[in-house]
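A.B. asks: Protein chains in written order, with the numbering used here: chain R, 1 to 303; chain P, 1001 to 1479; chain B, 2001 to 2213; chain Y, 3001 to 3666.
Hints were generated in silico from the structure; no laboratory data involved.
For clarity, every value in this text was computed on a predicted model and none was experimentally measured.
Accuracy of the hints is not assured; some may be wrong.
Just a sample of chain B residues kept apart from chain P, beta carbon distances all over 10 angstroms, derived [as the list claims (entries may be wrong)]:
| id | residue |
| --- | --- |
| 1 | A2005 |
| 2 | D2006 |
| 3 | V2010 |
| 4 | L2014 |
| 5 | G2021 |
| 6 | F2027 |
| 7 | P2048 |
| 8 | T2057 |
| 9 | P2087 |
| 10 | F2088 |
| 11 | L2095 |
| 12 | L2096 |
| 13 | A2099 |
Computed list of chain P residues with no C-beta within reach of chain B, every gap over 10 angstroms [as the list claims (entries may be wrong)]:
| id | residue |
| --- | --- |
| 14 | A1046 |
| 15 | W1058 |
| 16 | A1086 |
| 17 | Q1089 |
| 18 | G1271 |
| 19 | L1356 |
| 20 | Q1397 |
| 21 | V1410 |
| 22 | P1427 |
| 23 | L1431 |
| 24 | R1478 |
Which stretches of chain B does chain P cover? Using the computed rule of at least three CB atoms under 8 angstroms from a CB of chain P, they are [to be verified]:
| id | stretch |
| --- | --- |
| 25 | 2110-2116 |
| 26 | 2146-2156 |
| 27 | 2191-2198 |
C-beta atoms are modelled at their ideal positions from N, C-alpha and C, and glycine is treated no differently.
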Amino acid sequence: MMPSTLFHILLLLVMPPLLLGVINKTKAAFAGRVGAPYLQPYYDLARLFRKGSVFSSTTTWVFRAGPVVTLAATLLAALLVPLGNHPAIISFNGDMILFAYLFGLARFFTTSAALDTGSPFEGMGAAREVTFACLVEPTLFFILITLARMSKSLSLTPMLIYPSPAVWVSAGASMLLLVGALFIALLAENCRIPFDDPNTHLELTMIHEVMVLDHSGPAFGLILYGAALKLFVLGAVFVNLALPFKSGNLLVDWVAFVAAMLFLAVLIGVVESVMARLRLIRIPQLLVAATILSAFAMLLIVR
Amino acid sequence: MLTYLLVLLPLLGGLIAWLIPDNRVRPLLLPIIALPHLALSLYLIATPSIKVPGSWLWLDPLGKITLLAVSALFAVCAVYGVGYLAYRQERSNRVLCLGLLVCLAAMSLVTLCQHLGLLWVAVETTTVSMAPLIYFNRNARSIEATWKYLLICSVGIALALLGLLFLAYATHVAHQDATLLLSDLLEDARLLNRDWLHAAFIFLLVGYGSKLGLAPLHTWKPDAYGEAPGLVGALLAGGLVNCAFLAILRVYQICLASVTELLFFQQVLVGLGLLSMAVAAVFMARQHDFKRMLAYSSVEHVGILAVGLGIGKGALFGVLFHLINNGLTKGVLFLSSGNIHRSYGGKTVEVVQGALTRLPWSGGLFLAGFIAITGSPPFSPFVSEFSIISSIFVERQYLVGGLFLLFLAVIFIGMALTVLPMVMGRPRTDLEPTDYRDQLLTVGPPLVMLLVIVWLGVWPPEALLQLLKDGAAMLEVRS
Amino acid sequence: MVSLADQLLVLVMLINFIMLGSSRMAFVIRAVAAQGVILGIIPGLLHPFSGHLLAITVSIILAKGVVIPYLLNDAVRKAQIRREVEPFIGYVPTLLLGAVFTALAFVFAQKLPLAPEHRDLLFVPASIATLMTGFLILTTRKKAISQVIGYLVLENGIFIFGLLLAEAMPFMVEAGALLDLLVGIFVMGIVINHISREFSTVDTSQLQTLREE
Amino acid sequence: MVFVWNIDVDPVSSLLWAIALIGLSGLPGLLLKRPGPGQILSVCITACAALWGMAGALQILGGAPATRYLLDWPLPFGPSELSVDPLSALFLLPLLLAALCCSLYGLAYLPAAGQPAVEKRVTLFSGLLLASMALVLVARDGLLLLIAWEVMALSSWLLLMTDQQNLQVQRAGTVYLLATHTGSMALYVFFALLKGETGSFAFPAAHSLALGGTVTLVMLVAALIGFGAKAGIMPLHIWLPGAHANAPSHVSALMSGIMLKVGIYGIIRAVSFFQQLPVWFGWLVLLLGAVSAITGIALASAQRDLKRLLACSSIENIGIICIGLGMALVGIQSGDRVLAILGLAGAFIHIINHALFKPLLFLGSGAIIHATGTRQIDRMGGLSRILPRTAPLFLVGSLAICGLPPLNGFVGELFLYFGAFSDGMLADLPVIGFVAPVLALVGGLAVITFVKLYGAVFLGVPRDPELAHGHESPLAMLLPMGLLAGICLLAGIGAPLLLQLVAPAVIQYAGVSPLLFTQVAGAVPLQQLALLNGLLLAVILVVWLSWRFLVQRAPLASSSTWGCGYLAPTPRMQYTGSAFSELITGLISGLVGTQGRLSGLSGAFPASARFVSITTERILDQMIIPSLQGADWCLAWLRRMQHGHLHLYILYVFATLFVLMVWSQP
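With the rest of the complex left out, here is chain R (with noise of 0.2 angstroms):
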């Protein structure tokens, strides 16, 4: 059991800068150029680290605090969410609230250190990511509350353990419903196309990377490699709702989970290479859709 914790830990703490790469790599593929390789997260991270930082003028230790809270809550949540089929490192009733209000506790303090910096750029940004995170809140509840009905269970890990190809069998709509919300909300929250471009700061696309505007140096890399375990601690609720792929074994097991991330990696890509960005006022609405679809999800299985 022991090395298997330890591969879990490496893997939560290694792997997702490499999901960066394998979206980018993806794009830069649809686009017909060769793209930057596999690793270069990696490299953009130690840069990062090792450059040294410009503060502005206005800001207070909020500004500071701001990355480092994100990435603790954030690393913190990671420990509560199971990786495929092996169970989370912390597993407890009712671990899903907490790890829904960790993601809250650091969006507080993006969107802070954000404002701290006075800067108008930065302060729309922060109003657009409260504002559609709060609407993502609800789906992200919905999903819980029938996954938990449904694997009669109140902590992350059965819940997310329990889904497999019988289950899509049995109750195939409403799961259908659920990774449809799901995938919406992981779209969302991660600040992908068709809500945001990580690529740019646009005015249009002013969420998450105007916020981190005038982070530098180690924080930057702080933030960057923060944002990138989100999507790495949602992509794995993702992945086991939606790729239930189990074998008792536990390499075999590994190996899956693995692939089935890289998988989503190259799907979020394909999204990003084949939609367009949605219009801001377009966004709320597809939101509530989410929360819609993941409402019928649960009447479904209450019927």
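On the provided structure of chain R, position chains P, B and Y as indicated by the hints.
C.D. replies: For chains P, B and Y alone, kept in the frame of chain R given last:
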């Protein structure tokens, strides 16, 4: 006989007041008469009174309660009068002092009367003696008010007289020897002729009701209260109302004795009472003239008394207690509003603003009086009003109770919207304040009354409660 | 004797009509005085002679026949009241109304459960008719002075009913009532005086400054 | 007062003495000629009494026997009874704490030197307010409760009127007085009916009242209106924002942190009388709670007035409490003990929590106003420079009220989530399950609101240069805030303590065995939560240290904020609070509207134009005010009855006579 002294003392005082030439000295006579009168009344109230069969004058508990309310109120007003009239040296106060004292005599007589005819005479006397007082300000508005007051009340009282005659005739038709002595009537009320009795009750109710100011017979009230000096207004609202209500109580006693009429009489009382409250509610809203507002508040409380009396049973105690509380609280309100009127030279909310800033004491008293009259603890009107309300619900009169509370709420809103802008905020700078300033003689008396109200509201003395219980016992149905 | 009283009562009712119909203030006042005097006489016809009775008779005649008319005339003179009565609605309609009311009074009186000895007397109808006349005058005449007169007539009507049971009303009460009436009229006279001074008219339809807007 | 002593000092008596002392604490000041000493004295008295009382309350919660005292006064309603059970003690505890903090705070916030005129008044009435609120909690019969209730309403109103010359204050005060007094009318009905049914005003034993359907319905509705109006449940909340915004801050703290809870207490107590509640009642409370929570926080997110925002968020928190309460009532009705326990525990814990962080925030807002002299959020900014101590305390409050770990706000909501999830997991028709998404939405909105608040007030640079030179508050103001913030943190990390506190009340009220309670509540992972909170702090520390390490290795520079190439940014270019919440306000415009007005932008060379936008509340502006206007119009028509024609007045008299004659004819 001390009882007669109760009436003679003020009359004597009135005579002296008429003879005193000096305008400054004369007001001093008011407390000189009123305080002994109060002492005397307290003594008489404390001593158990023996009923002499066939006697016309003796104090029964109901009389005692009324006497207490009237005499206490008058004493306070008398002290206030000294301070007030010091500001009104521009005109002679001879008639005022005379009228006040005669009115006191008449009111004392009302509380003593056991003979309905004599009672009628006394009530009519209070009416007439009050008329010149309302006209104290000697201007077009006050004369109009006086005229309306005089005529409507006289007509009403005349109808009451007819009612009395019907009553006597009812005895006559029943082959008794016609009488108007209360005790006799109570004895053989069952034997009297129903129809005449019925007619008598209606006429008496309308007659004394117009004096009491039950809607729709209240039309003179806002005018008279609005134009009379605060001092007189207090006596109108706390003195005359109580006397008229005592008269109604006497009629009620007879109804009680003649079992058949009681139900109808109670229904009428509840109906008119609710109507009065409704009317008060309607006219309180958007009332710009705070003295007229007080008049409508008086209409409201008359209505409360009527409803309580109509409900009977547990409410009776509350009614009798409310009789006292209403009188005293109205005293506070009218006296303090008189001060405010003096200081601003106007009685509309457009003129009067920020009273708390200009007259901290009078403004505060007015505010406190407002809170008290709307039935908030720790003031005593809360106790009486709430006991009436609760017994309405105990009697399962849900509709009556609901309307009662509804009207109370509307009235509170209307009153608050008039009072609060008056006392709060900044005084208007474009209006010159008059030379009036708060001082002991004009602020002390209402303050004392307020303290009494708090006292009664928090820890009323046993003796008073006993008296009220006795009074209520006189009005309860004996089976 | 009693029949004589009845004829007097008829006279009283006629006077009611005169008051409703006449336009001259002075005349109306005289009519009221006459009515008062008649009412003063009637008790003497009903009851055996007694000190009580005499006192009542005298005081009533004095009050209603002499003092009050004097006060009214005095008020009229002091206030320089114009001689006309000035009704809201014309004389003829008031007369008709008066007639209707009187008729109703007779009908109503039939229904009342009177004591047997009063059954066929005019007292009750007369009193009701007079009452209603007073009410008519009170509500239809503009001048303050004529409202006082209306009040007087009202009182007279009540008094007529009172005649039925003079003994029920002890002297003291009678006297008190009369006294109050006197003082009341006196005060009213004064007030009228002031009204005419303030408004230079005693037309009470002018007295409307006090009302809710 | 004549207390019938039956044993020597016990918790209840010490509580009663504490209440009496607090109530009278203002009196010495009145007797003293010079303002100042009286205030200090009253603070000392209040503090000691509060500590003494808290000891008593804790004893009661610890299971000490509750003696009953008889107040035998001559009022014609029979003697009144006073006692303290765990439920009362639960509410008394935060009350006394708030008394301690707020009175100390007032010492510096309204210094006697500053306002000699109002100081005595405020001291006296805040003592009265505290005492009357406590009296409501310990009263065991309707009359005493009503009297205390009215005194509470009046004294709070008089405190609100401290600055009575200000027109805005005057308006708010008037609305408050009208609302509270009309609410009391409903209570009159409730207790009158109680008297009518039981024959006395004394509280009946719990679950002993078995009445007919109609009476029960009327009583329940009356209680809900009467107490709910004071608690600020949604449709009855109109008075709340104005009142809490315009009172002196430490009074707002009391009103918002404690007085609202007294209303909640009233509902809880009143409901406990009935043997059999109608099923719809629990659902109604739940629904009202949900509505209040969402609309309350939605309103808050749109406010520009610092204290109005806090006031509106109080509506939200009351809503959350009501959700828990409704959950519990539904549970009790349907015999679902688990739901009852979770709901009650959640409600009670949230009551305590809200009584911790809401006063903290109001006191903080007081410090801000003290420093800047304005309540307008959009004029502030960068205050954490001039208020270096207040800022972090305020941040703690903001995190706590958003229910974010590791602070205490999360604990109460956790229980509610558990209720929702367990229902959603097991019930065959999981309606209560929908509470979870609702709470989540509310939480998200709360984050928006308080990021906006904290960011716009403390972060960035001052938008209004004249606010730049304020000053930090004196120690007497910082100390209470620090205390409250500390307790918030402690209660958040040591969550099991909170459960300990509410356990007796829940057991008593839900009527369950302690064993069952420990089973159900034990299922809620408070220990793990405590551990994880610790872990979270540890991780933060680690990340922080590693970041420090990295930063110090490399050169450090400082410059102005990067303006995307724009070279002359001014403070007024910052994103204001209004702008921050504009996006969400647009989405919920059904509840709260912002009306903008752009003035004078015309011609080829427009002069300097200004854009004014105000926040309007739909319920007040579009439902209540129009109806009142309609009523007023009708009354105006009726008022023609008093037309001044004497003839017609006399006609009234005769008409009445006639009508009565006709009516009486059989």
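A.B. asks: Each hint: holds or not?
C.D. replies: For each hint, the structure was consulted:
Listed as a non-interface residue, A2005(B) keeps its Cβ farther than 10 angstroms from every Cβ of chain P; the least gap is roughly 17 angstroms. Non-interface status of D2006(B) relative to chain P is upheld: no Cβ of that chain comes within 10 angstroms, the nearest being about 19 angstroms off. Even its closest Cβ contact with chain P, about 22 angstroms, leaves V2010(B) beyond 10 angstroms, as expected for a residue assigned away from the interface. Distance check on L2014(B): its Cβ is at least 22 angstroms (rounded) from any Cβ of chain P, clearing the 10 angstroms threshold; non-interface status holds.
G2021(B), annotated as away from the interface, keeps every beta carbon of chain P farther than 10 angstroms; the closest lies near 23 angstroms. With 10 angstroms as the threshold on Cβ separation, the claim that F2027(B) sits away from chain P holds: the shortest Cβ distance comes to roughly 23 angstroms. At roughly 16 angstroms from the closest C-beta of chain P, the C-beta of P2048(B) stays outside 10 angstroms, upholding its exclusion from the interface. Every CB of chain P is more than 10 angstroms from the CB of T2057(B) (nearest about 19 angstroms), matching its label as outside the interface.
The Cβ of P2087(B) sits about 17 angstroms from the closest Cβ of chain P, beyond the 10 angstroms cut-off, so the non-interface label holds. Non-interface status of F2088(B) relative to chain P is upheld: no Cβ of that chain comes within 10 angstroms, the nearest being about 16 angstroms off. With a minimum CB-CB distance of about 22 angstroms to chain P, L2095(B) clears the 10 angstroms threshold, and the non-interface call stands. Distance check for L2096(B) against chain P: the nearest CB is about 23 angstroms away, which clears 10 angstroms, and the non-interface claim stands.
Distance check for A2099(B) against chain P: the nearest CB is about 22 angstroms away, which clears 10 angstroms, and the non-interface claim stands. Annotated as non-interface, A1046(P) keeps its C-beta farther than 10 angstroms from every C-beta of chain B; the closest such distance is 30 angstroms. Distance check for W1058(P) against chain B: the nearest CB is about 17 angstroms away, which clears 10 angstroms, and the non-interface claim stands. A cut-off of 10 angstroms between C-beta atoms confirms that A1086(P) is not in contact with chain B; the least separation is 26 angstroms.
At roughly 21 angstroms from the closest C-beta of chain B, the C-beta of Q1089(P) stays outside 10 angstroms, upholding its exclusion from the interface. For G1271(P), the condition that its CB be more than 10 angstroms from all CB atoms of chain B holds, with the nearest at approximately 23 angstroms. Taking the minimum C-beta to C-beta distance to chain B, about 28 angstroms, the non-interface status of L1356(P) holds against the 10 angstroms cut. Distance check for Q1397(P) against chain B: the nearest CB is about 31 angstroms away, which clears 10 angstroms, and the non-interface claim stands.
For V1410(P), the shortest C-beta to C-beta distance to chain B comes to about 16 angstroms, beyond the 10 angstroms cut-off, and the non-interface label holds. Every Cβ of chain B is farther than 10 angstroms from the Cβ of P1427(P); the closest lies at roughly 25 angstroms, confirming the non-interface assignment. Consistency note on L1431(P): stated as away from chain B, and its beta-carbon is indeed over 10 angstroms from all of that chain's, at 22 angstroms minimum. For R1478(P), the non-interface assignment is confirmed: its Cβ lies about 27 angstroms from the closest Cβ of chain B, beyond the 10 angstroms cut-off.
Counting residues of the stretch 2110-2116 of chain B whose C-beta lies closer than 8 angstroms to any C-beta of chain P gives 4; at least three are required, and the coverage claim holds. Here the stretch 2146-2156 of chain B counts 4 residues with a CB under 8 angstroms from a CB of chain P, which clears the bar of 3, and the coverage holds. Evaluation of the coverage hint for the stretch 2191-2198 of chain B: fulfilled, as 4 residues show C-beta separations to chain P shorter than 8 angstroms, against a requirement of three.
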